[in-house]
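K.L.:
Here's the letter readout for the chains.
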Amino acid sequence: MRPILMKGHERPLTFLKYNRDGDLLFSCAKDHNPTVWFADNGERLGTYRGHNGAVWCCDVSRDSMRLITGSADQTAKLWNVETGQQLYSFNFDSPARAVDFSVGDKLAVITTDPFMELTSAIHVKRIAGDPSDQVGESVLVIRGPHGRINRAVWGPLNMTIISAGEDAVVRIWDSETGKLLKESDKESGHKKTITALSKSADGSHFLTGSLDKSAKLWDTRTLTLIKTYVTERPVNAVAMSPLLNHVVLGGGQDASAVTTTDHRAGKFEAKFFDKILQEEIGGVKGHFGPINALAFNPDGKSFSSGGEDGYVRLHHFDPDYFNIKI
Amino acid sequence: MATQFATQPSKQRWAEMEEEDGEDLDFLLPPKQVIGPDVNGIKKVIEYKFNEDGNKVKITTTTRTRKLANARLSKQAVERRSWPKFGDAVHEDVGSRLTMVSTEEILLERPRAPGSKPEEAKAAGDPLSQMSKGGAVLMVCRTCGKKGDHWTSRCPYKDLAQPSETYTDKPPGSELATAASGATKGAYVPPGMRGGAAERTGSDMRRRNDENSVRVTNLSEDTREPDLLELFRPFGAVSRVYVAIDQKTSMSRGFGFVNFVNREDAQRAINKLNGYGYDNLILRVEWATPRTN
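Protein chains in written order, with full-length UniProt numbering: chain A, 1 to 326; chain B, 1 to 293.
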């Protein structure tokens, strides 16, 4: 395959997200402008201007009309996807990290980092149908445990919120009361910071990637560990194929060590694993730095990766990918 | 004069009459028929024509139409396609080339040849795997000093840091060369010429070429490296496959080399494949002798 290279960002990529139809790709980077691209040919559709800090995460509503972004400028912003117009800005006292729309797009979860005496927190906001009715009050605030929360997503039927972060523990919270329901087992769980979390297409299980050089597959309801995928580099990004039983892990050595070592030792590949057999299928090379973001097109026929090098690489699979046998 | 010319075309000449006669007969033919496209996308068009001899001919054209892959786009997605650009994308220069198709063909690199089993490497009698099974503590990388992770030959940092042993292993003769290069202190020394570099690459090259290398001759021109790998893989782990290609014609020159990890595997391959019929040719498989020059 010949990947499409998209050089719209001037700083490292942080997050990638496809819309539900798989025709738009949203990219977030440490420069201040989230960008939307056409997912088939990589043409840039527009940028969302207004943030004043690194943008860490984004989510798009099911009808592809609203975009929410979380940024280090201590705000999370709602955008009109079509025009790039800012609809609302949620202000916080610390940098916003993860954002996720609930099923039905009526609620959004936003996490904030620990900052100047403040602990990390999970905020649940109500998203109004009409942007003029939007208010900034939180429906629920969960004062989190120690350390940054890197990802928070909604559980099945919006009953729970799943969070994971620096303390290497996956937690499931009640989204009504804010009570802690489950915690991942310390023995079988990750040993270092969890950097990425990605739900399966049906939401029944999810994948976490960690700096302990492994990725783990968990059951969403019971939080039992199903599978572990071991690599030889820290994992920064994970994605699951909605079509085949494949998982993709991206990572590489620390960005600060990139200049001191050879690109061959850096292992900046997107590694494909068989989801069930936990066996490596192959690697896709190309980035000049660690991979920070990965996303699968909802049709499972293409995926994109975003790297520390500022490039988004959009890969449309060759036909033989679909008949790979181990 | 002008009126005369205008009327001329309407006046039929006998010479033209004959030609037009044939065309006029077209109405006698059955009309064009179009059948399909059916479920497989096959369309049949049946036409009738007069050939040069004035005989009626039936022409059937069968074509297959394929649906485009992205025909399943939702209505909203099609609508989004025509959205106007916004933000920084509005004033985008034509020459800015933000989106490019990679000039490089990127493949999904398989960790091992498709179809092979991971157990293959752990064949009985493989001393390497026996040792790794015995205890990971034995496995110490001399390059980076890592224990139990990989062997020295498999070290991912091999190209970055050359082991210091290369200096100590050197014959005393080359010590002089190093000293000589050291004499011109302060002058720029290219990386390839720095202390021991030439010696190192020399030994590296030699080692790669003569390590359990098998020469295969009388290959057919269609044989490529993957074919050769497929042929030799069943005998054991293969570290390198090479087919000589003519630079000018880019055709195979009919010979190649296969390097095995284990010498026994190479010997078995030679025993089995020497004289083996491959692509209508009898293969000749033998130990590759190092070049004498």
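Since the hints were derived computationally from the structure, they do not count as laboratory data. Yeah, the Cβ is synthetic: ideal placement off N, Cα and C, and Gly gets one too. You may find that some hints are simply not true.
To list a few chain A residues with every Cβ distance to chain B over 10 Å, as calculated [claimed, not checked]:
| hint | residue |
| --- | --- |
| 1 | Leu5 |
| 2 | Pro12 |
| 3 | Asp21 |
| 4 | Leu45 |
| 5 | Asp130 |
| 6 | Glu269 |
| 7 | Glu280 |
| 8 | Gly286 |
Heads up, simulated DSSO-like pairs for lysine-lysine below, C-alpha to C-alpha not over 30 Å straight-line [stated by the list, open to error]:
| hint | chain 1 | residue 1 | chain 2 | residue 2 |
| --- | --- | --- | --- | --- |
| 9 | A | Lys106 | A | Lys17 |
| 10 | A | Lys186 | A | Lys106 |
| 11 | A | Lys301 | A | Lys30 |
| 12 | A | Lys213 | A | Lys106 |
| 13 | A | Lys186 | A | Lys199 |
| 14 | A | Lys182 | A | Lys227 |
| 15 | B | Lys85 | A | Lys30 |
| 16 | A | Lys325 | B | Lys85 |
| 17 | A | Lys7 | A | Lys30 |
| 18 | A | Lys182 | A | Lys199 |
| 19 | B | Lys75 | A | Lys106 |
| 20 | B | Lys272 | A | Lys301 |
| 21 | B | Lys272 | A | Lys17 |
| 22 | A | Lys285 | A | Lys301 |
| 23 | A | Lys227 | A | Lys7 |
| 24 | A | Lys179 | A | Lys199 |
| 25 | B | Lys85 | A | Lys7 |
| 26 | A | Lys213 | A | Lys192 |
| 27 | A | Lys325 | A | Lys285 |
| 28 | A | Lys192 | B | Lys85 |
| 29 | B | Lys43 | B | Lys85 |
| 30 | B | Lys43 | A | Lys106 |
| 31 | A | Lys325 | A | Lys301 |
| 32 | A | Lys179 | A | Lys192 |
| 33 | B | Lys43 | A | Lys17 |
| 34 | A | Lys7 | B | Lys43 |
| 35 | A | Lys199 | B | Lys43 |
| 36 | A | Lys285 | A | Lys227 |
Partial list, derived from the structure: chain A residues whose beta carbon lies under 8 Å from chain B [as the list claims (entries may be wrong)]:
| hint | residue |
| --- | --- |
| 37 | Met1 |
| 38 | Pro3 |
| 39 | Ile4 |
| 40 | Lys30 |
K.L.:
For every hint, state whether the structure bears it out.
P.N.:
So, going through the hints one by one against the coordinates:
no.	hint	result
1	Leu5	violated, 5 Å
2	Pro12	holds, 17 Å
3	Asp21	violated, 4 Å
4	Leu45	violated, 6 Å
5	Asp130	holds, 20 Å
6	Glu269	violated, 8 Å
7	Glu280	violated, 5 Å
8	Gly286	violated, 6 Å
9	A/Lys106 with A/Lys17	holds, 19 Å
10	A/Lys186 with A/Lys106	violated, 34 Å
11	A/Lys301 with A/Lys30	holds, 28 Å
12	A/Lys213 with A/Lys106	violated, 36 Å
13	A/Lys186 with A/Lys199	holds, 21 Å
14	A/Lys182 with A/Lys227	holds, 18 Å
15	B/Lys85 with A/Lys30	holds, 22 Å
16	A/Lys325 with B/Lys85	violated, 42 Å
17	A/Lys7 with A/Lys30	holds, 14 Å
18	A/Lys182 with A/Lys199	holds, 17 Å
19	B/Lys75 with A/Lys106	holds, 24 Å
20	B/Lys272 with A/Lys301	violated, 43 Å
21	B/Lys272 with A/Lys17	violated, 54 Å
22	A/Lys285 with A/Lys301	holds, 18 Å
23	A/Lys227 with A/Lys7	violated, 35 Å
24	A/Lys179 with A/Lys199	holds, 22 Å
25	B/Lys85 with A/Lys7	holds, 17 Å
26	A/Lys213 with A/Lys192	holds, 9 Å
27	A/Lys325 with A/Lys285	holds, 20 Å
28	A/Lys192 with B/Lys85	violated, 42 Å
29	B/Lys43 with B/Lys85	violated, 41 Å
30	B/Lys43 with A/Lys106	violated, 50 Å
31	A/Lys325 with A/Lys301	holds, 17 Å
32	A/Lys179 with A/Lys192	holds, 24 Å
33	B/Lys43 with A/Lys17	violated, 41 Å
34	A/Lys7 with B/Lys43	violated, 44 Å
35	A/Lys199 with B/Lys43	violated, 45 Å
36	A/Lys285 with A/Lys227	holds, 25 Å
37	Met1	holds, 6 Å
38	Pro3	holds, 5 Å
39	Ile4	holds, 6 Å
40	Lys30	violated, 16 Å
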